[in-house]
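When you get a sec, could you build the whole thing from the sequences and use the hints?
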Amino acid sequence: MSENKKKNNKTGIIIFLLIILVAGFIGYEMYFTDNSSGNMRGGFPGFDEVETSYAVYVEDVSYSSMTNYLEFNGDVVASKSIDLYPDVSGKLSNLNVSLGDYVTKGQVVAQIDPSQPGQKYSENPVTSTIDGTITSLPFDIGDTISSTTVPVATVGDLQDLELESYISEKYISNIQLGLDAEITFEAYEGLVFSGSVVEISPVLDSDSRTLEITISLDDNDSNVVKSGMFGSIKLITEVKDNVISIPSSALSTGNDGYFVYVVSDENTAVLTNVETGLEVDGRVEIISGLNEGDKVITRGQSMLQDGSSVKITEK
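In my numbering, the protein residues as written are 5 to 319.
Possibly wrong hints are sitting among the right ones.
Here are the simulated lysine-lysine pairs, DSSO-like style, with alpha carbons at most 27 angstroms apart [stated by the list, open to error]: (1) Lys95 <-> Lys124; (2) Lys95 <-> Lys109; (3) Lys315 <-> Lys299.
Worth flagging that the hints you see were computed from the coordinates, not collected in a lab.
The structure is reproduced here in structure tokens:
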């Protein structure tokens, strides 16, 4: 093959490659350039851009009530309980009652023998000062008893029970007389007893930083609740009626505070700033920013922007 032919072949190959390169560049520009007559994918008529729609769950905004509360535990005690002390020190010579016995005011519950060696004295009776049930008998016959240290017996009115509890210092601003309470016991699953705050200690315990409060037990007519039981207390601290609330999951935080997405009539997500209030049990009060009937997106909003196209998914 002559030198001229070889040169011609090389020149032809180079020209061919240049043509392919130019054609590819033109095709690239056409594909990624919008036609001035409208948005046409790849520069060809008939291929409209496809807009992504996000599947979301919504909740229709409506008015309801919200209840704030504190939860803690308490011990059941008799609302009226009296310790019985002897008038003199001596040996316990007789016990006239047993634990759980019902006694009346003036009834003798025990006798104390104040006699000393070489001296004989008559026995001294210990009487109940109220009607009630014997809830404590710490001594046995023959024990030596002081007239001032430990009571011979304790009598309580078990027809009228209360719960004693202790509230952390940080919650004392929420506590006031008359607040309603719901009380439950493990022994009576499904039963809810009512009560209210009837007493608040004027001072805090300096060691535990807690405040003692007393809650009545109002509906123990069948006497199923016993003194000494351990109860769970739900104390109602605030009730708000006719408020707008949404699930906490719908709420997001931005530079301007809290916001939510509301679905418009055109099925687009509208970023809406809101002011929040009470938050209880996974729901948040909305003070401003939403209206009754708005469709608030509760799930699926993580990828959304203001104006994103959305499709409501039925639960």
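(message) Under the constraints set out in the numbered hints, which ones does this structure not fulfil?
(response) none
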